[in-house]
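Please model the complete structure; the sequences and the hints are all you need to start from.
Residue numbers (my numbering), protein chains in the order written: chain D, 1 to 402; chain F, 1 to 378.
In case anyone wonders, no lab produced these hints; they're calculated from the structure.
Do not take every clue at face value.
Claimed, not checked - Examples of chain F residues lying across from chain D (beta carbon under 8 Å, computed):
#1 Trp18
#2 Ile69
#3 Asp102
#4 Asn106
#5 Met118
#6 Ala328
#7 Phe331
#8 Pro334
Said to hold, decoys possible - With a cut-off of at most 35 Å between alpha-carbon atoms, the simulated DSBU-like pairs for lysine-lysine come out as follows:
#9 D:Lys147 / F:Lys133
#10 F:Lys31 / D:Lys105
#11 D:Lys94 / D:Lys105
#12 D:Lys329 / D:Lys203
#13 D:Lys94 / F:Lys342
#14 F:Lys133 / F:Lys171
#15 D:Lys105 / F:Lys25
#16 D:Lys147 / F:Lys342
#17 D:Lys94 / D:Lys147
#18 F:Lys25 / D:Lys147
#19 D:Lys71 / D:Lys105
#20 F:Lys342 / D:Lys71
#21 D:Lys94 / D:Lys11
#22 D:Lys147 / D:Lys329
#23 D:Lys303 / D:Lys147
#24 F:Lys133 / D:Lys303
#25 D:Lys29 / D:Lys94
#26 F:Lys133 / D:Lys29
#27 F:Lys171 / F:Lys25
From the three backbone atoms N, C-alpha and C, an ideal C-beta is built for every residue, glycine too.
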Amino acid sequence: MQPIQTLKRLKQINMDYYSAAHTARQNGKFIAYVNAFTPVELIYAMDMIPIYPENHAVILAARHLSTETAKAAEGMGYSMDLCSYARCDLGSIKLRLSPTWGLPKPDLLLISNSQCGTLTKWFEVLSRMYDAPMVLIDVPHSGHGEKDEAAERYIRGQLEELVGTIETITGRGLNQARLRETIRLSQEASVLWTRVLTACANKPSPMTVFDQFISMAPIVAQRGTQEAVDFYRELGEELDQRVQAGVGAIENERFRLFWDNLPLWPELRRLSTFLEERGACLVASLYTWAWARLAVGADDPFKDWTEQYLYTANLHLQRRIDEYATMGKEFGLDGYLYHSNRSCKFLSQDIPEVRAAVTERTGIPGVILEADHNDPRLYTIESLENQIDSFIELLSSSRRSG
Amino acid sequence: MSVEDPWKPFRDVMQNPWEYARAWKERTRGKVVGHLLPDVPEEIIHAAGALPVAIEGAGIYASHAQAHIPGYTCNHAMGALELGLRGDLAVLDGMVIPYVCDTTRNLFHIWDRCFPDMANEFLRIPKRIGHPKVESYLTAEFQRFAGVMQNLTGESAGPDRFVSTAALYRKSRARLREAYDRHRQQPSVWTADRINLLTASALRADRAEHLEWMEALPWEDHTAEDSSSRIRLYVRGKVWDPPGILEMLDSLGFIIGRDEIVTGFRSIEQHGESSLDPMETIVRSHLRRVPYPGYHIDPAQAVEGFVARVREATAAAVLLLNPKFCEAAAFDTPDLQVALEKAGIPSLVLETSARGVSLGQIRIRLEAFQEMVSGELP
Ligand code: SF4
Ligand code: SF4
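Below you can see the structure in the form of structure tokens.
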């Protein structure tokens, strides 16, 4: 297997990002803790650096520090049933244990519950801990994503009000030209990220979903900056060359699989090797695709953010089934690996229904793997591997008989 | 109705709420609408001519539901699904699931697939309870909900009907608050278990009928009891769970000073101004009620407000009934406990609906807590 060269740049990009965050104050910048569905372009335009505590937890898991940090949070009274991102983050603060020298103290905690309700509660804890102001962008989803004008007014009002809150914190007004520029950069990064993901529809796929997971940090945290644009342009070009040369992400691609939900961060390397040895390549995941859809237009970004949080991010069951079925066709999938993630109830509770419906619709089988994205105490990797093995065996035998 | 035992009608409703709803339906030819707690405005369902019935999943053993929702789901949601799958909810014409957390958000869609013949509605409850724009949003949402209910029943809730419904609920809640007060004066007659019987059955029975039943209760007997040796508790939680916990608290000599349980005091706490338009009253009552853990207010105020409420209730101790797998409740717990400790108020967390935990174990923990609070333990 030929490794993707551009990915080597990530280490430096991440280091620069966290150094910039730690030196924010010296450079006249402010820190906002945020999540996926917050107007990050506005944050960058208003001299704030967005920090994702979820990403910090990922780094803890990747460095095999999640057990220690999660245990520390449990010692503080946080139940083991809570999202392991939150537990790892809170435990890391308690232990002062972090490969990124911790996270800088926030000037603002900004969250939208368009994602999950957990983040609101987690940020409430951080707000009390740091005595920092918190703003929740409250998104009351309609059940099936029906148009809801009252909700649109409510959300837009909160977003517009946010500008004033940030101005009060930073003492600076919003510069429209800078906002247009961060929006332009965010759009560009999103288009390039989409190109990266779409490249995986090729056979063989030039990249696995494991590589996508590793390379998503800039689209998450640096959407709206030149760094993200440069990185994805380079990555996209390298993938194009691989496609033209017929270089696959794995040696002998026999099965093309979908990964649902968050990865098992502590097991990326192990699972990636395990699948490769069996000729199975993960080629698509809704989790990485989510970041391709977050750019807004410069004409009325408040309207776009509102609609995005209220409608696009409302990943209700039917929508999920439709998307998975479409991806089944577009990516030539042989099977779906559904990660039923104890920590992320938001993305996991409807998996039994999703699996049944997707298989009924597409005829493509799926297997449910009960695990956790950050806490290795909550699953046994060997049993998961056995389950995947049996699933691949099922795919092989149906190919033989079909 | 039994003359000898005025508590019987309430007990009958609670023993078989589905049978009660079925009989009501036959009698009135009306529609029955189930709703998951908390904060579904019963008045809107009632004013449309339907019977609102609260669905409580806690304490229900789940076997069918496991195929549709993972085991790391709170029992409130899982148990409700189980009730539906095992056929208990066949009497329902509609079901309302409020958006209070990720679990109810997912449950709504799972429900819709499992019960396609029911009219299922997702109530879009805002979480940012203190925000200035929340009132106009919630008004629009409740008006939309009223329209949905009227479509279901085919009856239009004109202004008169809404006014009379609001008056009925005000009267009923006032009576229930009176009963709640009696618990502290005469805890051996108006036991915590019986108060719950009254409030919980009010969420399932025809309110007018329920109010009539309440008139037969022993209101005249004012014999004051010496309850000085009893420990006054403040309780936070979703529902009284596990079933039987109130009997246990009664028998161990606790008194409920105040609670935030959604089927408890929280369901009767707001009186509601009669001078306002009924919709305005419902919206304001919703926003003034003690915030449910899934809602958001200023984080520091959430903790300070809680301790203030405990103090105001002159409670000697706090019991936190945290439903297993409920993120909304569990995230708050450590900070609440630290703040209570600073205030010198002892607290106990019981994880409820935790599979594999017996009532016996809970009793042992409550006994130890009681001894500690009464100073018998170091
Ligand atoms: S519950 Fe899911 S979406 Fe929410 S913080 Fe945890 S992993 Fe992220
Ligand atoms: S708020 Fe908690 S108890 Fe209520 S449905 Fe959600 S998870 Fe369950």
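Against chain D, run the beta carbon of proline 334 of chain F and see if the smallest gap drops under 8 Å.
At about 3 Å, which falls below the 8 Å cut-off, the nearest Cβ of chain D leaves the hint on proline 334 of chain F intact, so it holds.
Per the CB criterion, is phenylalanine 331 of chain F less than 8 Å away from chain D?
Because about 4 Å separates phenylalanine 331 of chain F from the closest Cβ in chain D, which is inside the 8 Å limit, the hint holds.
Would you check the hint for lysine 147 of chain D and lysine 133 of chain F, treating anything up to 35 Å between C-alpha atoms as holding?
19 Å, holds
Against chain D, is aspartate 102 of chain F within 8 Å by beta-carbon distance?
Holds, because the Cβ-Cβ distance from aspartate 102 of chain F to chain D comes to roughly 4 Å (cut-off 8 Å).
Hint validity - alanine 328 of chain F Cβ closer than 8 Å to any chain D Cβ
6 Å, holds
Double-check tryptophan 18 of chain F for me: the hint is only fine if its C-beta lies closer than 8 Å to a C-beta in chain D.
With a closest approach of 25 Å, the tryptophan 18 of chain F hint is violated.
Compare the distance between the alpha carbons of lysine 94 of chain D and lysine 342 of chain F with 35 Å, and conclude whether the hinted pair is satisfied.
20 Å, holds
Is it true that the CA of lysine 147 of chain D sits at most 35 Å from the CA of lysine 329 of chain D?
29 Å, holds
Lysine 31 of chain F and lysine 105 of chain D: Cα distance at most 35 Å?
Violated, at about 55 Å.
Could you check if asparagine 106 of chain F really has its C-beta closer than 8 Å to a C-beta on chain D?
At about 4 Å, which falls below the 8 Å cut-off, the nearest Cβ of chain D leaves the hint on asparagine 106 of chain F intact, so it holds.
Does lysine 25 of chain F lie within 35 Å of lysine 105 of chain D when you go C-alpha to C-alpha?
It is violated: about 59 Å lies between the C-alpha atoms, which goes past 35 Å.
Agreement of lysine 133 of chain F and lysine 29 of chain D with the hint, judged by alpha carbon distance not exceeding 35 Å:
30 Å, holds
Going through the hint list in order, the structure does not satisfy hints 1, 5, 10, 15, 16 and 17.
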